[in-house]
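Protein sequences appear in the order of chains Z and F.
Using the working numbering, the letters of the first sequence correspond one by one to residues -3 to 108.
Using the working numbering, the letters of the second sequence correspond one by one to residues -5 to 108.
Please keep in mind that the hints were generated in silico from the structure rather than gathered at the bench.
There are no misleading hints in this set.
List time: in silico EDC-like cross-link candidates among lysine to aspartate or glutamate, alpha-carbon distance up to 20 Å:
| hint | chain 1 | residue 1 | chain 2 | residue 2 |
| --- | --- | --- | --- | --- |
| 1 | Z | K50 | F | D95 |
| 2 | Z | K33 | F | D(-5) |
| 3 | Z | K50 | Z | D27 |
Partial chain Z-side listing against chain F, Cβ under 7 Å, derived:
| hint | residue |
| --- | --- |
| 4 | E38 |
| 5 | G39 |
| 6 | Q95 |
| 7 | F98 |
| 8 | G99 |
Just so it is clear, the structure is predicted and the values come from calculations on it, not from any experiment.
Note that beta-carbon positions come from the ideal geometry of N, C-alpha and C, so glycine has one too.
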Amino acid sequence: DQQVKQNSPSLSVQEGRISILNCDYTNSMFDYFLWYKKYPAEGPTFLISISSIKDKNEDGRFTVFLNKSAKHLSLHIVPSQPGDSAVYFCAASINTGNQFYFGTGTSLTVIP
Amino acid sequence: DSGVTQTPKHLITATGQRVTLRCSPRSGDLSVYWYQQSLDQGLQFLIQYYNGEERAKGNILERFSAQQFPDLHSELNLSSLELGDSALYFCASSLTSGSGDTQYFGPGTRLTVL
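This is chain F alone, in the form it adopts within the complex (with noise of 0.2 Å):
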């Protein structure tokens, strides 16, 4: 157990939709990185936050949006939803925003659209 939650672990939805994706970190870590996993692809880093800031971005589309609450929990917003949205997210997090933190992983949202 890394210490990562995320909820909910399965997500079943329709294309145009919009859904939230919600992690909480490891207890201390200031940093959430959130990461996308579709079929037979590598992860793909989407966007970090760090104490509330955004970081850095990746391959986020426009689409989508991020945020890190007060209490340091994240959310990733992903709406007008395509079949290809359809993947594995993964949250990660770390005590601070260097890249030579260890990040740790939570469990994944399997999203599918249908």
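Isolated chain Z (complex conformation) (with noise of 0.2 Å):
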């Protein structure tokens, strides 16, 4: 039972431009959300997170909205850049737990 989807495998973006992933989750529960990003032959590296208390959390080019009456969260990257191509996993977890539930993964491609 996959509670943290991310329903788009890929996206490819021209350089310059905003990157939006997507991600929608099914437990209500959860209340705190990261963003992960991996190279290939490389583990995940955090990225950003969110806490479900606020809705928005901006990190330089990074910026996650968090929409809790919809289950989803986004990743907005602007302006994309080509060091940007990697896939990104989206997580989350329930603050009493120690258990991090993640996405599938959405390839991005940054085209120069």
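Dock chain to chain to rebuild the complex, using the hints, since each chain is given by itself in its own frame.
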């Protein structure tokens, strides 16, 4: 049972434009969300997180938006750069637990 | 470099065999997590240890077991291997056991069962 879903396996964006990666979840108990970035032959790297008490968190070119009513979060990358080409995973957890639930990932390609 | 090391990088073995994957967490981190990533799948949480004790269990098969040693390194043991166990196995570590802690991932061990 996939509680965190990334329905777009891949996304291509021109350099300089905005990349929007989407993630949906089913468990309303999730209250902490993260995005990880993964390059080939490497482990995932933490990118940005958001607590359910917020609806937006920004870190440089990366912004995560959380819509609790829709059980949806998105990652915006502006402007997109070729070095952003990677697989992006969203993950969610319940603060009282220790288990993270990951989506299946979206492969982003930024075209120079 | 996340500071988390995993050995070996690649492992090729046959069905029915037993293997051990090793993970050394970042210096100072007390929690170790194990994940499995099969083809076209997200990372599936297997198990977490905190300071030597099992803290949380996910979708870990009975054929699989893990432990965390006093020096905080961890081992994941996979036995009676099946073709479907072929996957990338990631280890991650975090400072404490709270879900608010960032997990730092190792580069993974690619297991191929023939």
